[in-house]
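**Q** Using the sequences and the hints, build the whole thing.
Sequences listed follow chains A and B, in order. Note that UniProt numbering gives residue 53 to position 53 of the first sequence, counting from 1, and the numbers run on in steps of one. Note that UniProt numbering gives residue 277 to position 277 of the second sequence, counting from 1, and the numbers run on in steps of one.
No lab work stands behind these hints: they were computed from the structure. In this text, all values refer to a predicted model and were calculated from it rather than measured experimentally. Quick reminder that beta carbons are idealized off the backbone N, C-alpha and C, glycines included. Hints are not guaranteed to be accurate.
[Unchecked claim] Derived, one-sided and incomplete: chain B residues facing chain A with beta-carbon distance under 10 angstroms: (1) Ile80; (2) Gly221; (3) Ile222; (4) Pro257; (5) Asn261; (6) Trp282; (7) Thr284; (8) Tyr302; (9) Tyr321; (10) Ala325; (11) Lys341; (12) Leu351; (13) Leu352; (14) His355.
There are 2 protein chains.
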Amino acid sequence: MKKNKKSALEEKEGIHLNAISNEASIARIKNFRKKQPSVASLIQDINSGDKIALSRAITLVESKNRTHLAQANQIIEACISNKKNTLRVGITGVPGVGKSTFIEALGKYLTGIGKKVAVLAVDPTSSLSSGSILGDKTRMEALVKDENAFIRPSPSGDSLGGVARKTRESIILCEAANFDVILIETVGVGQSETAVHGMVDFFLLLKLAGAGDELQGIKRGIMEMTDTIVINKADGKNKQATKLASIEFTRALHFYPPKENGWIPMVLQCSALENEGISEVWQTIINFKKATLNSMYEKRKYQNKFWLLQTIEDNLKIRFYEDDAIQEQLKQLTVQVMNAKVSPFVAAEQLLAIHQKELK
Amino acid sequence: MKKNKKSALEEKEGIHLNAISNEASIARIKNFRKKQPSVASLIQDINSGDKIALSRAITLVESKNRTHLAQANQIIEACISNKKNTLRVGITGVPGVGKSTFIEALGKYLTGIGKKVAVLAVDPTSSLSSGSILGDKTRMEALVKDENAFIRPSPSGDSLGGVARKTRESIILCEAANFDVILIETVGVGQSETAVHGMVDFFLLLKLAGAGDELQGIKRGIMEMTDTIVINKADGKNKQATKLASIEFTRALHFYPPKENGWIPMVLQCSALENEGISEVWQTIINFKKATLNSMYEKRKYQNKFWLLQTIEDNLKIRFYEDDAIQEQLKQLTVQVMNAKVSPFVAAEQLLAIHQKELK
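**A** This is the structure in structure tokens:
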């Protein structure tokens with residue numbers, strides 16, 4: 001129980017009645033405090049690939065404490081870079097599709113060919129479901145133990161915006177710690193897929209072959225974001241169904257407008273459980289990178305810009321909707337607007353005037 | 001040189017030495033001013049279906065003059081209602097697809113069965129292209145002369161938000177003036193289709209049968225918004241191509257997720273020029289209304305709410321981006337963020353702090 005050694009309880013236990021005069025204890029505590037790494041040493045350790053320093057920095061990023069956040073910002077500013085030898089891969093799929101098994105298989109394959117792999121997650125519901133996603137690390141037992149892998153569950157947070165921001169900053173830290181491949185998992189609740197799509201180079205949709213209409217369960221907009229569909233569990237008696245699903249998805253993809261970067265999304269099959277088809281998935285991602293290299297780097301630039309403007313606009317909205325002077329008025333006017341008693345534009349003007357006054 | 005007559009120079013020319021003593025002129029001007037209708041009389045006339053009053057009110061809505069806008073708001077507030085016997089139909093299609101001919105054919109069909117039809121447009125580029133859309137009213141010659149039709153070109157305005165707002169207020173005014181069917185045309189520049197989709201009950205995509213891949217020219221997201229695809233110019237030697245295109249579009253529609261209201265989009269054929277298939281288009285819209293009545297009224301409520309929040313959020317952004325203290329900083333920081341010199345989140349914080357200070 002490594003964790004207990006660092007807990008507050010452990011420290012208290014060490015302080016006996018005669019603690020104050022216990023020079024040895026005081027020295028030990030002082031020494032422990034000194035060991036809390038400085039921002040500078042965290043940065044240095046991250047750059048040398050130290051996973052503990054990386055973890056600590058991500059904890060600062062995820063903290064709600066202002067001091068921690070200021071430290072986090074310093075670290076981010078020092079770690080941000082323009083590294084081009086990294087790949088950010090988004091992976092989505094409904095629960096039950098085998099995301100954990102797939103990520104473990106892909107992760108192990110990658111460390112096997114000499115890559116360093118970080119696994120992050122965007123799951124805005126994780127605080128409620130107490131970390132269903134990646135929380136149960138036993139599901140990735142082999143990858144967790146792999147020294148070239150780093151696994152971090154989804155940050156908790158009430159808003160998707162917050163979770164997305166933290167994950168995006170974690171990508172910066174992971175890349176600074178020399179991880180080459182960043183896998184970002186999402187369960188696709190609400191807009192989380194769009195958020196993940198906005199921070200990755202390659203977006204992968206994991207599917208299962210079922211009995212009925214394969215397209216039924218696909219959320220609006222996902223197909224247009226998808227760079228490749230991977231049908232998982234293509235094993236045993238599923239093989240025939242997988243083949244049929246593959247044909248249907250391929251046809252479906254044809255009916256979407258072509259991508260700007262010229263990439264034609266495809267449908268692959270794999271069995272994460274039996275470790276089949278994993279190298280083909282990676283080869284496809286590599287082919288994608290080769291085929292779209294320039295537009296990939298351009299995309300990263302525009303993703304950076306997108307997050308700048310998105311953060312600004314999110315904050316402007318938060319400041320408005322959290323304005324005490326607005327809340328009651330907004331509630332009442334919304335009902336009136338919905339029932340066509342007041343025009344939306346007139347109501348908006350009234351509310352903006354109240355907010356403007358409040359800020360002044 | 002019509003324009004010159006209205007210029008400031010021309011006016012000066014008209015003021016002769018004895019102008020001030022010209023009692024007849026003064027009386028005429030005073031009389032003209034008196035004739036400018038009051039807000040109260042405009043409201044009354046709109047409600048009695050007077051097209052001139054309707055036109056004048058829309059001109060107030062489109063004005064940039066503060067007094068006019070205050071009057072416009074008063075009129076809107078008086079005209080807003082919960083009428084359920086109206087239908088708002090959005091029509092999109094690329095230039096050349098025959099939108100004007102189609103709208104004229106549909107409009108004439110509707111006035112023929114006793115409906116009052118208003119035709120509006122959302123074309124954010126119209127100020128640049130000097131009203132390409134609906135501007136050339138000769139293209140709808142028969143409809144323009146129809147006393148049960150009202151045609152208004154797209155408001156000019158630099159932003160889609162502004163154009164959309166004005167069109168949405170015009171819908172309120174047209175419905176107050178007892179128009180039952182509001183046709184809203186868009187050329188689909190940028191996000192204008194999404195804006196139109198957000199203000200109509202039914203969204204119609206007009207297409208042409210061509211030689212190649214019919215889906216090639218379809219913009220992302222349009223198919224998911226479409227309630228019905230109408231293939232126009234299904235006449236003469238186009239008939240065979242139309243049939244093939246119809247099959248392809250029907251198949252393509254199947255590959256999109258089902259709509260929440262249960263409506264299954266379909267593909268129709270028509271020849272607006274030969275007046276064929278127009279009644280079938282209308283019958284489909286009527287079927288849609290019958291099949292989705294409750295969700296249609298619910299949708300209107302949420303469209304109202306959407307426009308309230310959208311207007312608020314647009315204005316918060318405009319206030320930020322037009323803040324003089326922000327502009328130079330934003331430009332510099334955007335470049336740094338794009339090139340991964342500064343984190344988007346840190347840059348956003350800096351800019352928000354500057355803006356906050358400015359407002360105080």
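**Q** So, for every hint listed, does it hold in this structure?
**A** Hints, one by one, checked against the model:
no. : hint   : verdict
1   : Ile80  : holds (5 angstroms)
2   : Gly221 : holds (8 angstroms)
3   : Ile222 : holds (9 angstroms)
4   : Pro257 : holds (5 angstroms)
5   : Asn261 : violated (14 angstroms)
6   : Trp282 : violated (25 angstroms)
7   : Thr284 : violated (22 angstroms)
8   : Tyr302 : holds (7 angstroms)
9   : Tyr321 : holds (9 angstroms)
10  : Ala325 : violated (14 angstroms)
11  : Lys341 : holds (7 angstroms)
12  : Leu351 : holds (6 angstroms)
13  : Leu352 : holds (5 angstroms)
14  : His355 : holds (8 angstroms)
This entry does not satisfy hints 5, 6, 7, 10, going by the numbered hints stated previously.
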